[in-house]
Amino acid sequence: MNVQVVGCSHHDTPISVREKLAFSPEQTLEALDQLRRVFRHVEVVLLSTCNRVEVYIAAAGGELPSGEQIAEFFARFHGLEMEELLPYLYQHAAVDAVNHLFVVSCSLDSMVIGEDQILSQVKQAYQAATDQDTTGPLTHTMFQAALHVARRVAAETGIHTHRVSVPSVAVADFAKQIFESFEEKRTLVIGAGEMAEETLRYLQDEGAHDITVVNRSPQRAVELAERWRGRARDWEELNQAVTDADLVISTTGAGEPVVTLETFREIESNRRQRPLFILDLAVPRDFEPAIADRSDVYLYSVDDLQSACASNRAARDKELPSAMGIVRQESARFMADLHHRATGPVIEQLRRGWEKPKQEELARLLNKLSDLDDRSQEEIRRSFDRLVNKLLHPPLESLRDEARDGIPHSLLDALSRLFKLRD
Amino acid sequence: MLSGVSIVCFAVSYAVALGLEVSRLLFRSGVRGAAMLAFAGAGLVAHSIFLYHRVVSTPGSPLSSQQDWFLIAAWVLVVTYLYLVYYHSKSPFGLFILPLVLGLIAAAAFFADAEPYARGPASRIWGMIHGASILAGAVAVLIGFVTGLMYLSQARRLKHKLPPVRGFNLPSLEWLQKANARAVVLSVLMLGVGVLSGGILNRITADPNAAPLPWTDPVVISTMLMFAWLVVASGITLAYRPARAGHKVAYLTLASFVFLVIALGASLMFDTEHGNPRTGEEKPAVEETVDLSPSAISTGGGRA
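Chains as they are written, first to last, in this note's numbering: chain A, 592 to 1014; chain B, 26 to 329.
If you're looking for bench data, these hints aren't it; they were derived computationally from the structure.
Among the hints, a few may not be true.
Stated by the list, open to error - Computed footprint of chain B on chain A; a stretch qualifies when at least three of its residues, placed anywhere within it, have a C-beta under 8 Å from a C-beta of chain B:
(1) 761 to 767
(2) 884 to 891
(3) 899 to 907
(4) 920 to 928
Said to hold, decoys possible - Now the in silico label distances, taken between C-beta atoms and shown as ranges:
(5) B:L221 x A:R863: 32 to 38 Å
(6) A:S711 x B:V33: 47 to 53 Å
(7) A:S898 x B:V80: 55 to 61 Å
(8) B:G44 x A:L738: 28 to 34 Å
Unchecked claim - With a cut-off of at most 20 Å between alpha-carbon atoms, the simulated SDA-like pairs for lysine to any residue come out as follows:
(9) B:K184 x A:A901
(10) B:K184 x A:R865
(11) B:K273 x B:K115
(12) B:K186 x A:R885
(13) B:K203 x A:S772
(14) A:K767 x B:K184
(15) A:K949 x A:I938
(16) B:K115 x A:K947
(17) B:K115 x A:A906
(18) A:K767 x B:L214
(19) B:K186 x A:Q897
(20) B:K184 x A:L852
(21) B:K115 x B:L50
(22) B:K184 x A:I938
(23) A:K767 x B:L109
(24) B:K115 x A:G749
(25) A:K767 x A:Q864
(26) B:K115 x A:D707
(27) A:K767 x B:Y112
(28) B:K273 x A:D887
(29) B:K203 x B:L214
(30) B:K186 x A:R904
(31) A:K947 x A:I971
The C-beta atom is built at its ideal place from N, Cα and C for all residues, glycine as well.
Only chain A is shown next, with the shape it has when bound in the complex (with noise of 0.2 Å):
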């Protein structure tokens, strides 16, 4: 039973690289079908999104292709040449090879670790293999282990809580706190940084769709609304326009506050008390600090979520190790259990072994014992069984522990050649 993965990453691989290399749904579907063609007998699952590039392959007996193979496969299939990828590449085998799809699962391996992306990605890989009729009973249990490990460390840890980056912390740890929805909700954006740009995206993603741009520059203000699907205001209407919106995301490059404590209050009297949620992504800032103070008023500006990020980011690394505990637990229980799998065969034919002559015993000594009723005849079977089962306990065990560090090759011979399991 042999497994491995072969690919490129973002930790060592370019974007240039990696760009050349990935693989679209259609790409990933037509390089299956080729893989299964060119290496017959193996299990294939393709993994590429925008951080790496994986091909995992197992095959329950044989040889599996090499590096170079894969390589030359990747070359080919894209049109480039082998010394373009193969510094890049990294190939992993047996328990390193299962270890690493837990990892890149779990989102430890990801360029923002924690994210949840990698998981549905995973996922459709597995999908897309399954599809194409690629996958096998090797591959099917490594990704469904993969997956509950993933559930495992979301559910043991708070690695996926997290959140590092300033437009994540500020949607999920304080805008989604504020607002269960935000389908209806107005979004103002003022300025056009590209912080608020990605702030909107996240935003988008939890279903905002109200999006009004407010811009000095009213032509800028009307491509970005057309971009965002959103609609453009004037400058002179930017109070109006706070006086509407529930979140507002402000990245001018005003040298002082576009909105005012003073002007503030005129816009608070017109907002009857609903929540208002401001990101001010600015530096200097586009709005007075002192506004925070006001009621129902949530402000934040680039350094009060930088400060969150850096406590986020140390409450992540400290999940760290324990969530590379839970993989690594989880490795070994999955290597060993696939190790045992391999002693199937042979327990299957000891099992075998030991059923006929307990039958024939039983057979005898019923036919001897005729006169005993149905009930005893029943007790005396489940005896027979009982010691069947027992006999072969240690040896079985003897295989179990055996099998935590590998197929145990030579106790699998010597059960062979002690019982005569050949035949």
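Put chain B on the given structure of chain A with help from the hints.
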């Protein structure tokens, strides 16, 4: 077999569920959610069996005594808790609701009178309406109190820009505010029905020769105070929209809770005629009239 279930059985189950809720703040566990549900669910089953046993063994049950009233209020709160935990499994509702449940059970066990209220066929239906509506109103006030506390706690964290505390993921302010406002409306409606039915109960069961339950009875006064407060507060929130938003509605529910505690305290501490048979000392009773008022707090029960 059913009579083997005691108050201690379900109180201990709820206490363990509360302990598990507290442990959310200390460490993570993959099985805690299931264990919490199992203990609270087991407690609820024992609680239900206990109440069922009371119903079959005590004439006039349910709500036949002060003790029943407290136990049924606790039962309704536990059902609400399980419902909330099912839909918001990550929110620590139990930290807020289960102490109230245990408080109600403690009041039932140590302070409340287990003697059945006086009862009579004429007032039976009105007594049930009175008791059930006052109970629903009181539970709504308790739920409002819980969501109000959660709102203020969440708002404080957000205002101070603090990251979420592990194991203490409260629902959003918007959700809490809605729940809070609904609890206020429900409590006003239910207490309104309770007060009205109490008044009717006081009339229809009135023995012409017996003195009616006086309006100066501590239970009547405290309940009327709570109801008046809720009516005034709800009126303000209806007339002035900002009062329905944010902290104001949360403070409103906290104040309502204080009135509820006063009303419940009055029923337990003061000498009250509420719920007692009213045969009329000055004038002999012409017929047996009975107070079916099942609640410990009412305005007009207690006729006999």
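Here is how each hint holds up against the structure:
1. Counting residues of the stretch 761 to 767 of chain A whose CB falls under 8 Å from any CB of chain B gives 3; the rule of at least 3 is met.
2. Only when three residues or more bring their CB closer than 8 Å to a CB of chain B does the claim for the stretch 884 to 891 of chain A stand; here the count is 4, and the claim holds.
3. Here's how the stretch 899 to 907 of chain A fares: 4 of its residues keep a CB closer than 8 Å to some CB of chain B, so the rule of at least three is met and the hint holds.
4. With 0 residues having a Cβ less than 8 Å from any Cβ of chain B, the stretch 920 to 928 of chain A misses the three-residue criterion, and the hint is violated.
5. One distance hint, 32 to 38 Å for the beta-carbon pair L221 (chain B) and R863 (chain A), holds here, with the actual separation near 34 Å.
6. Taking 47 to 53 Å as the suggested C-beta distance range, the pair S711 (chain A) and V33 (chain B) conforms, at roughly 48 Å.
7. Between S898 (chain A) and V80 (chain B) the Cβ separation comes to about 57 Å, which falls inside the hinted range of 55 to 61 Å.
8. For the hinted restraint 28 to 34 Å between G44 (chain B) and L738 (chain A), the CB-CB distance of approximately 32 Å keeps it satisfied.
9. Proposed proximity of K184 (chain B) and A901 (chain A) is supported: the alpha carbons are some 18 Å apart, at most 20 Å.
10. Distance check on the hinted pair: K184 (chain B) and R865 (chain A) sit about 15 Å apart at the alpha-carbon level, within 20 Å; holds.
11. Straight-line distance between C-alpha atoms of K273 (chain B) and K115 (chain B) comes to about 26 Å, which puts the hinted pair past the 20 Å bound.
12. Among the hinted pairs, K186 (chain B) with R885 (chain A) is consistent with the structure: their alpha-carbon atoms are about 14 Å apart, no more than 20 Å.
13. A distance of roughly 13 Å separates the Cα atoms of K203 (chain B) and S772 (chain A); the hinted pair therefore holds under the 20 Å criterion.
14. Our distance criterion of 20 Å between C-alpha atoms is met by K767 (chain A) and K184 (chain B), whose separation comes to about 14 Å.
15. Taking the CA atoms of K949 (chain A) and I938 (chain A), the gap is near 16 Å; set against the 20 Å cutoff, the hint holds.
16. Using a Cα cut-off of 20 Å, the hinted pair K115 (chain B) and K947 (chain A) is violated, with the two alpha carbons roughly 56 Å apart.
17. Between K115 (chain B) and A906 (chain A), the direct Cα distance comes to roughly 19 Å. Compliance with the 20 Å bound is thereby established for this hinted pair.
18. Distance check on the hinted pair: K767 (chain A) and L214 (chain B) sit about 32 Å apart at the alpha-carbon level, beyond 20 Å; violated.
19. Between the alpha carbons of K186 (chain B) and Q897 (chain A) the distance comes to roughly 11 Å, so the proposed pair stays at or under 20 Å and holds.
20. In summary, the hint linking K184 (chain B) to L852 (chain A) is supported, as the alpha carbons are separated by about 17 Å, within the 20 Å threshold.
21. Straight-line distance between C-alpha atoms of K115 (chain B) and L50 (chain B) comes to about 12 Å, which keeps the hinted pair within the 20 Å bound.
22. Taken as a hint, the K184 (chain B) and I938 (chain A) pair is broken in the structure, with Cα atoms around 65 Å apart against an allowance of 20 Å.
23. The hinted pair formed by K767 (chain A) and L109 (chain B) meets the criterion: a straight-line CA distance of about 19 Å does not exceed 20 Å.
24. About 13 Å separates the Cα atoms of K115 (chain B) and G749 (chain A), which keeps this hinted pair within 20 Å; it holds.
25. Of the pairs offered as hints, the one joining K767 (chain A) and Q864 (chain A) holds, with about 19 Å between alpha carbons and a cut-off of 20 Å not exceeded.
26. Annotation: proposed proximity of K115 (chain B) to D707 (chain A) holds, straight-line Cα distance about 17 Å (limit 20 Å).
27. With a C-alpha separation of about 17 Å, the suggested pairing of K767 (chain A) with Y112 (chain B) holds against the 20 Å cut-off.
28. Proposed proximity of K273 (chain B) and D887 (chain A) is supported: the alpha carbons are some 10 Å apart, at most 20 Å.
29. Between K203 (chain B) and L214 (chain B) the CA atoms are separated by roughly 17 Å; this keeps the pair inside 20 Å, and the hint holds.
30. For the given pair, K186 (chain B) sits about 16 Å from R904 (chain A) by alpha-carbon distance, which is consistent with the 20 Å threshold.
31. Restraint check for K947 (chain A) and I971 (chain A): the C-alpha separation of about 16 Å stays at or below 20 Å, so the hint holds.
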